[in-house]
Structure formats: structure tokens, C-alpha cells
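Here the protein sequences line up with chains A and B, keeping their order.
Counting from 1, one number per residue, gives the positions in the first sequence under our numbering.
Counting from 1, one number per residue, gives the positions in the second sequence under our numbering.
If you're looking for bench data, these hints aren't it; they were derived computationally from the structure.
Pair by pair, the computed Cβ-Cβ distance ranges are:
no., chain 1, residue 1, chain 2, residue 2, range
1, B, 226, A, 88, 31 to 37 Å
2, B, 82, A, 88, 44 to 50 Å
3, B, 294, A, 299, 46 to 52 Å
4, B, 357, A, 48, 52 to 58 Å
5, B, 28, A, 299, 54 to 60 Å
6, A, 4, B, 382, 48 to 54 Å
7, B, 372, A, 126, 39 to 45 Å
8, A, 88, B, 355, 35 to 41 Å
9, A, 76, B, 352, 30 to 36 Å
10, B, 380, A, 76, 31 to 37 Å
11, B, 75, A, 195, 57 to 63 Å
12, B, 268, A, 22, 35 to 41 Å
13, B, 149, A, 22, 30 to 36 Å
Just so it is clear, CB atoms sit at the ideal spot from N, CA and C, and this is done for glycine as well.
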Amino acid sequence: MATETLTLGKALNAGLRKALENDPKVVIMGEDVGKLGGVFRITDGLQKDFGDQRVIDTPLAESGIIGTAVGLAIRGYRPVCEIQFDGFVYPAYDQIVSQVAKMHYRSRGKLNIPMVIRIPFGGGIGAVEHHSESPEAYFSHTAGLKVVSCASPQDAYVMIQQAIASDDPIVFLEPKRRYWEKGQVDLDAPLSEAYPLHAARVARAGTDATVLAYGPMVRTCLDAATAAAEDGRNLEVIDLRTLSPLDLGVVYESVRRTGRAVVVHEAPSNVGLGAEIAARITEECFYSLESPVLRVAGFDTPYPAARVEEEYLPDLDRVLDAVDRTFGW
Amino acid sequence: MAKGDPGASTRGRRAAPRSRKAAASDPELVQLLTPAGERIDSVTGPDGTEYRVDFTDEEYRGLYRDLVLVRKLDAEATALQRQGELGIWASLLGQEAAQVGSGRALRTQDMAFPTYREHGVLYCRGIDPIMPLGLFRGVDQGGWDPNEFKFNMYTIVIGAQTLHATGYAMGVAMDGKTGTDDGEAVIAYFGDGATSQGDVNEAFVWAGVFNSPLVFFCQNNQYAISEPLERQTRIPLYRRAAGFGFPGIRVDGNDVLATYAVTRHALDNARHGQGPSLIEAYTYRMGAHTTSDDPTRYRIASEVEAWQAKDPIARMKAFLEREKIADEGFFTEVDEQARREAVDLRERVLAMPNPEPTTMFDHVYPNGSPLLDEQRAQFSRYLESFEGSAH
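Isolated chain B, as found in the complex (with noise of 0.2 Å):
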């Protein structure tokens, strides 16, 4: 469903076979896919809210097809910079459905400010996937355009963005922008560590005063770097949004179902001008914090294994094959289209130039400035004064 807006068509609905209400193992936590793949068919989360998807088979298939092409992308990514070809990689691995869930449910006008590891919902606002991996690579920082996609340069300062992203969405309602059904919405990004950092919780304090229109997603992946969720809070982190004035929940994100949902409720209310709301999307990082990390050192093997029972693909397959939605033949066809798209990926990193050492001049300011045109002449003129030498 690359293009599509899963859950707008009012063609083909397919009921959830099973009309069951509500997780029972987790209260807190809405789940809409269960780790076995059994569908729920709504939930109803603390304030009331019922949450469902009514999707047509092809847009079930389209999101596991965005699941299975992200990791595949992503799982390229990390053996490139195992070659060298990469300086570092930030992986996604285990973190698919709380990315596509979010990134699908965004609508056309909305607005992402991610961190480093929103591979998944670049791919899902079009962005070229190649783009971030000229950051990695050291030839770039970065490059997209943030205001044609709708999706925000990647931002490494922890929690930062969420203060872009909370301006920017008071820009929107400043615009007047909000209050209809095509009104915009704003998703910020982060995970449980920048949850500690003074500037998240100044965007709480910031987007919840000035009723800005926006989503504050969390990606609670129980680890920052090597600290666990216990060296960053005492209470489970959606309930932080209380003290803030706005509603926080939970959602299993390992279930790309219940994300998309929440996630689209949650925009939604913001583009009405019902103000900011925080999720916390539960998961799991399966790899290591980047490629410099060694996660061995302070988690143990049983706990990953138990995370990884509770896979966002494989149920989503689980789920595709129970109810018949799809076949061997679907399967088969979406591996090799990620194989494609993998080999593409790597054959064109491969094929990625370094720049040239005097661009490293261009774009410091939109009006330029002397000093620096006099620092690129003397370069460019020491650099010319090696042409013709051996050295």
C-alpha cells in the first residue's frame, strides 16, 4: 500500500474474524493483533475511545509488505556499515510496526519531526531510502527536503525536535489550519531516554498551554543506549502525560494495527483542534542501540527471546495467513521485491560520490558571508597549489 491511505476506503471492509473486546493480559496496553496473530476487534482505551481498523485485504497486504520492505532495507543498512561502507547505523529492527502503524496513519498534510531511527516512517511519507544513508555515510547530513515530504531532517540531539515540532504546530494553528477534516496534524518523535530531557518535557509544557495540534510518539524501546526504563522513569511514561494536561495511552507497538489506529485517532483529535496527546508505542529494540553498540553487555539473551516471540511481521503473517488474506505466492513476491530493493539500495551507496572538499563551504548562511568566501579562496588556491605534484 505504498501510496495508499489504509483505512479510507469504505470497499471490501474485512471484519475482524473474532468480535473480542479488549486485551485481557494488559490493561494498559491497546493491542488490536495479538503476538499469535489473532485479530481483536476493538479495544476500548481509558478515556472511552474506541479503538478499531476496517481494512480491505489489500491494505492488510500493504502493510505487511511495508513491514517486511523496512526491515529488509534496514538489515541492509547494518551489513553495509558491517563492510565499512557506512560509518554507523542506527537500526529499526524490531521497532517496524510502531513506525509503519505511525507513519500510515499520518495523513498527506501532516507534519514528522523524527530522531535518527524513523527509517520506517521515511519510507512511508515516499522519501528515497538512500537518503539517510548519505548521513551515515559521512557524505551528507542528510539532504530531503524537509517541507516537500512533510517529514523533518533527522535530528541526533536527543528530545530536540520535539520542540520543532511543537512550534511548528503552533504555526499550524496560527494559520488557522485546524478544526476541519483536512486540517493538519503534527507527530513528534522520541524514544524513552529523551523522555529525561529537559527540552520533551518543555514541549509538554509548551504544546499543552498553547493547545498546539500535535502527537507526541514515543517510542519506548526499554532501552537507551544501555539504560533501562527504570533509570528513566518511575511510572509508565504515557501516564507523564497527565501532569501535563493531556491524554496519554499505551499501545502494543509491535502490533501495526492497533499504532495505526491510536496513532490516527490521536491526529485526528489534534487536526479538530482538540490539542496534544501523548503515545507510548511499547516495543522493543532488537538490535543494538547503532552499530558501535554491544548489546550483550547489559541485557540478557532470555529477554531479547521473549521479545522476539512477540515479532510484528511474523504476526501480521500469522494473522495474513489464518484469515486467507494472503497466499505463499504474496509472500514469496514481497521477499523478492525487498531483495530488489536491497540489491538497489547497496549498488547505489556503493555508487554514492564524496564531495568535493570546498562544498563543505555552501549553505552556512542563506546570505553568505565574507569571511567565509575569504576562507574558501585561500583553500581552493592551497588545494590548487597540489595539481600537477605527486603528492
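The shape of chain A in the complex, shown without the other chains (with noise of 0.2 Å):
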């Protein structure tokens, strides 16, 4: 088994590489993915290896990259796009929304779109505006799209080959600020026997209150968990992984056990997911519950100026606190 340490971003770049080498339709396409790898580097190398065709440098223009990305899907091959940061995927929201999530639908299954977005998402790098932002509330309300994250190395190797192998258009939102965390990644194990993509999973299992990330919010999360665990309370973290569809039932499992739920993510609170999520548990765990299922988000400003970004971000503070407030009711 050849394991290695690997920060979430090899792990990406691992996974694209992999997933160039077993289907010759896999095609790489965006802004600065070729010569330079990336801004990020996540595809580092992979024009060098597979060409130009297989890795195409584009056009600067958003809504092109999903636009002809949709053609070359109808034409038999497997696009995986990357949009450079989150802020800038909105240029192609329609071709997102009114074609890629459609056409399948339209054409009564007679089309397949199987393609990947990948978007570097969320805050936490100092970055300027529109480069911190979290669109996933949008491309999961959206009819006929998937939308996934991942927070491990190892998850990240595993999920990105998992998404270009669907032929569903999936949204792949990679944490940004966690490209340079390392972990362990079996870079041998066949996706075949791997964890499904879209299924929730228990990340650290505990018995006093769940609480419930994807992404960037994981870490937070299991930091949070830690810091508890030191004042005698077990925190239960899930990582949801998938947030369209949303694989709920490992989590009805355990607020069942628990009592108590709080959601964690970047993205403001108002009709985000934690909303959803808040809602769904409600109706299927309503007389377990000891207290309100909380949210713990983004506030609802724009994303705000780098210097006051900490703030804003979910905190292991702001995670205990709201852990803290499920017992208090």
C-alpha cells in the first residue's frame, strides 16, 4: 500500500493526474491550469504530461469555460473545470444553472453533462474581495447539479476521481485555506472499494452533541472537539461531504443519541445550508432533541475585509459557545 503524506492539494493534484491516466476523456480546462499548474498549483504539471489537449489553458472568461465545456460533455468527453476562485464563477451561473444542471433533464436523459466545477472556496488566506466567498448554498439549491466538499487529503484524492467518474455535474468545492494541511493518502486503494462520494461520515464519534461541517469547517470542528473533550465534554463531529444531495441519515443517527446538533459552515446563515440542515433534523428527530438545532456562520455582510476576516470566520470559540448554548436551554 503506498501511503504517503500529501497536503490536500497534491492529494487533488494526485487525484487529477490518476483520473487524466485512466480515461483519455478526461480533459482539464480553465484559467492559468496549464503552464503555470494553477494559482493554487492543484494542477502542477499535468499540461507538462498529457498535452495541451488534455489540459487547456482558457480564454479569461467564466461563463466560456462552462459554456464549451457543456459541448465538448455533448461531444463524449469529460470536462473538469476549474474556476479560479469563488468569486468568480458567477460569470457563468447561467451556463451553470440554465444548461449544465438542465440539459440532462431536458433531453430526457438522452444527454449526460458529466462534468466537474471545481472551485477553491471560503475565507481564512487574507485575501482580497471576491476571493474568500462561499457559493454553495446557490449550486445546491439548483435542480440537477451535486455539489461536494472535501476536507481530508485523503478524501480529496478519493472524491475528485469519484466526481469525474460520475457522469452527474458535480460542484467540487475545495477548501482553500486547508490546501496546505498533510495527511495520510493510500494512493493505491481502488475507488471501486473507496467510501461513497456522496454519503456523510462520522469524523470523530462522541455522545454529548453533534455537530456537523463540510470543508473548510471540518478542521474547525474537530479542534472544537478537542478543546471540549479537555472540559470533560464528547463532541460527535460529522463531516457531511456531500451538500446536494445531503446524506442525513448518519446524522439523524446521531442527534438521536445525542440531543443536540449544531451546524458549522462559512457561508452566511440566512437560507444557507444550516438552514436546511436545521429544518430536515427538526422533522425527523423532533422528540430527541433537547434543545433547537443552532447555526454557526458567516455573519450576513459581504465577505468583509481581510483584516476583520477572523472574526468573521466560525471560531473553535464560536463553535463551543453555540455547543455550550444546546446545553443551556
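Grab the two chains, each in its own frame, and use the hints to assemble them into the complex.
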């Protein structure tokens, strides 16, 4: 078993490389993905090894990236599109929502758009405006799209390959501030035996309250659980992994045991994923709940200037504060 | 000539009756058949290309038949909408030559990406004309197999399909399917209004940069709903191409012969690896934008009358009569075929069943979704709860 220590970014690179090797129809396209290897170097070295027909530096136009990828998909290719930053996906929003998401439906199943749209998302890197957003609710609200987010190098490596192999169009959200975090990655694990793409997973077992997160907030919540354990409180942390469709079976099972649930995301709370998750937990676990489901989220402001993002973003203390409140209800 | 490949045969060519070079009236417009039905032998385009057609009598008659059938079926759809059988209809009235000329110029292996008004191209691709009526009746959202007929689904979001066509054409090139006589080419249909869209301009950039085997076919019908061409552009649309680095040409879109010649030439260039080009088919939307529109609010009758004099079918008929390519019996027979096909279309539209409610859950995802499975099951139980009740 070839287990290596990789950063999350390198694990994505390895997963993309494997996908290019395994299927000649896979093409990577986006701004600066070729020679430069992407602004985060996620596609580093891939154009050199697979050529500029497989790893395509595109003109600088996001709608063009997604729109031409639709045509390539109709032609039989499996495009993997990189949107350079979360805040730059909106020019492509029409193509994603009106075309990518609906093509299979409108054609009564005759066309598939097996496209992956990779988006580095979320804050925490001190970036200038439009570089730190969390657009997952827009895409999760759109029928016809699936949305996933990875939180660890191992998941990054496996999930990107699963997403590319899937015939569904998938928005693949990469927690950009975790690109440099390291973890063990089993590079030889066969995809067929991997944990399913559209499934949540317990990241840390616990008994006293259930904390739900995805992407960059999983690490934050695991740290919160470690801190809570020092105070004698045993938190269960669930990595949701799939945002659309949500996989809440494991969540319901957990909440029925703990009676308490806190949902954590960077995106603003208003009409965010936390609201949907809270509603569904309430419908399914009503008689098990000891307190309302609470949300810890970004505020309903535009993403603020970098010098105050530490205050904007949910952190360990705000997670623990919410957990405390579920006990004080 | 429903299934034929006009212009491909070498037998029985009919030379143009008069050897005239270039249309004097408008040097910017490629025209091979004047509004009066006079044939022009050949026209030399701005890049020196000589445009001509050499059709057999049978092929000429076939093009006429296409024009008449397409207009009649379109009129029937308009009537069906007026009688409440379609929710809306986007008529192609006036644009038959642009669509039949370009549609017949496509070779079997070529792929087309339409808007929502390309009923004439759809007909030329051999798709049952009932298919788009399901969309406009509201019983489905399209439904033909784009890969079977090499004709993608209708696209209602203006200009979005030009990017799909560009990506598809990139794929053709990546597959190594250009550079030979049997190479593949792609055609993207759009209108004058769409040329203002970002997607169309991005498609121009992409196709130019990647030298894609693509023909941008703009039917300039002079109006984007109510807005005249002057609200979209300061220069003739075909000249936009120069700024993107590929050829642009304007053709008389009411002239089926010139449209065929220009489109065939552009497609053949594309399939031979010579990259994209833009055709502006200069035409006129004789009817409303859709059946929900009232064009009397924004254009004057004299303008419509002036275009009526340039009718694509009348000029073809005048030509066929003058050259004795067709007689009265032929015209009567074509009209009778059109009437029969229209009646058949009507009967089949009226017989279209409403879809079962739970089919709305079908085909959202190739791999399905547990959320949808759950919603479908709940909704089915809900519907079943009414069974046997009076409600």
C-alpha cells in the first residue's frame, strides 16, 4: 500500500493525474491551469505530462469555460473545469444553472453532462475581495447539480476521482485555506472500494452533542471537539462531504443519541445550508431534541476586509459557544 | 429533396439562365436569386471566393418543396397556439430560406446547435416536426436525441448554445475529425439580438483562439422582440468577425440558393481545418417574435410590405416558372402535400397526452438522488390518497 503524506492540494493533483491516466476523455480546462499549474498549483505538471489538448489553458471568461465544456461533454468528453476563485464563478452562473444542470432533464436522459466544476472556496487566507466566498447554497439549491466538498487529503484524492467518474454534473468545492494541510493518502486504494462520494461520515465519534460541518470547517470543529474534551464534553463531529444531495441518515442517528445539533459553515446563515439541515433534523428527530438546532455561520454581510475575517469566520470559540448554548436551553 | 444532398450530384446540372456577376443593388450582400426570381450565375465574395450553385431541376424543386412545407407546418403551429393547443409558438415566417438553405448545406456528419426558432433546420435534419411542439404545448421539454439527428435541443436562453457549439467543435478537432472532405463541421444558430450577449462574444473568442471547425450562422431578422438592429450594433453584424480574427459575410437570407452556397462553403472550410467564420443571413421576421408579441406596436406596415416583396418562396416559384423547371401540377402537388402534413401534425398534437405527474421526477440526474426518490414516493402516496374520492 503506497501511503504518502501529502497536502490536500497535492492530493487533488494526484487524483487529477490518476483521472487523466485512467480515461482519455477527461480534460482539464480553466484559466492558468496549464503552464502555471493553476494559481494554487493544483494542476501543477499535468499539462507537461498530458499535453495542451488534455489540460487546456482557456481564454479568460468563466461563462466560456463552462459553456464550451457543455459542448465538449455532448461530444463525449469529461471536462473538469477550474474556476479560479469562488467569487469568479458568477459569470458562469447562467451556464451552470440553466444549461449544465438541466441538459439531462430536458433531453429526457438522452444527454449526460459529466462535468466537474472545481471551485476553491471559503476564506481564511487574507485575500482581497471576491476571493473568499462560500457560494455552496446557490448550487445546492439548483436541481440537476450535485455539490460536494472535501476536508482531508485522503478525501480530496478519492473524491475528485469519484466526481470525475460520475455522470452527474458536480460542483466540487475545495477548502482553499486547507490546501496546505497534510495527511496520509493511500494512493493505491481502488475507487470501487472507496467510501461513497455522496455520503456523510463521522469524523470523530462522541456522545454529548453533534457538530456538523463540511470543507474548511471540519478541521475547526475537530479542534473544537478536542478542546471540549478537555472540559469533559464529548462532541461527535460529522463531515457532511455531500451538500447536494445531503446525506443525513448518519446525522439523524447521531442526533437521536446526543439530542443536540450544531451546524457550522462559513457561508452566511440566512437561507444557508444550515437552515435546510436544521429543518430536516427537526422533522426527523423532533422528539429526541433537547434544544433547537443551532447554526454557527458567517454573518449576513458581504465577505469583509481581510483584517476582520478572523472575526467573521466561525472559529473554535464560536463553535463551543453554540454547543454551550444547546446545553443551557 | 427531403433526404438528398443537393448540389452534390454532378448529373443534369442546370446552368444559371443568365450569366450575371455580382448583385449590383447591395455590394455587401451575396445574392444568387433576386426578389423577382432572376438567377445570378455567381457572386464573388469580399475574399475572392466565388459563390455559385449547380443544382439539378429535381434539386431546385426539392428546395422549393422544403420551403413550402416548412412554412405550412409553421403556420399550422401558429394556428394551434391561437386555438389554445400550444402555450406559445415562435414562428419562422419569412426566414424559411435562411433555414432551409443552411440546413440543406449541412452534411450528414455535421452538428447543429439551434435557438428555439430553427424549425426549418430541424425539418431538414429529418426530425419529426411534432417534436418541438411538445415543448411549446408543455408536455415535455424537447425530446429528440441530439446525437442521433446531429441537431441539439432548442436553446431558449439567448446565445448560450453558441458556447456549446464551440465546445463541441473543439471536441471535433481534438478527435482529429477535421482536415478531410469527410471531416465534421458544426453550425451555431443565433439571432441579431444574441450578438449583444456575452456568451456569443465569448464563443467568437474561443472559436478564433482554438481555430474551431464552426460556422456562426446569425439570422439577422432585424428585431429582437421589439428592439431594432440599431439597438444591438453600430456596424453590420458580419463585420464583427474581423475583430475576432475570422471571416464574416452577409448573405441574402431570403435567397435559399445564396444561403446554401455561402453556408456550404463555410462548412467545408471548417471541416478542412480552416477555422470558424460568421455568416449574417439578412432576413426579416414577417410575423411576431412569438404568439405573445404584438409587432404593430414597434414597426410600421410599409416596412413589412417592403419585405413581403422579397419573399423567399415567391422568388423561388417565379424562378421555377420562368425556367420551366416546374409546372402548375407540381405546385399543386406540393401544396397538397403541405396540407396533408399540416393536418397530420394537427391531429398528432391534439392526441399528445399530458405526462403523468410523477414523470417530473425522471431524469434529473443520471445517477439519481435519494432526495428525489423520497419526494417522488411521498408525492405518489399523496396522489394515491385521493384515489376513490370525488376530488
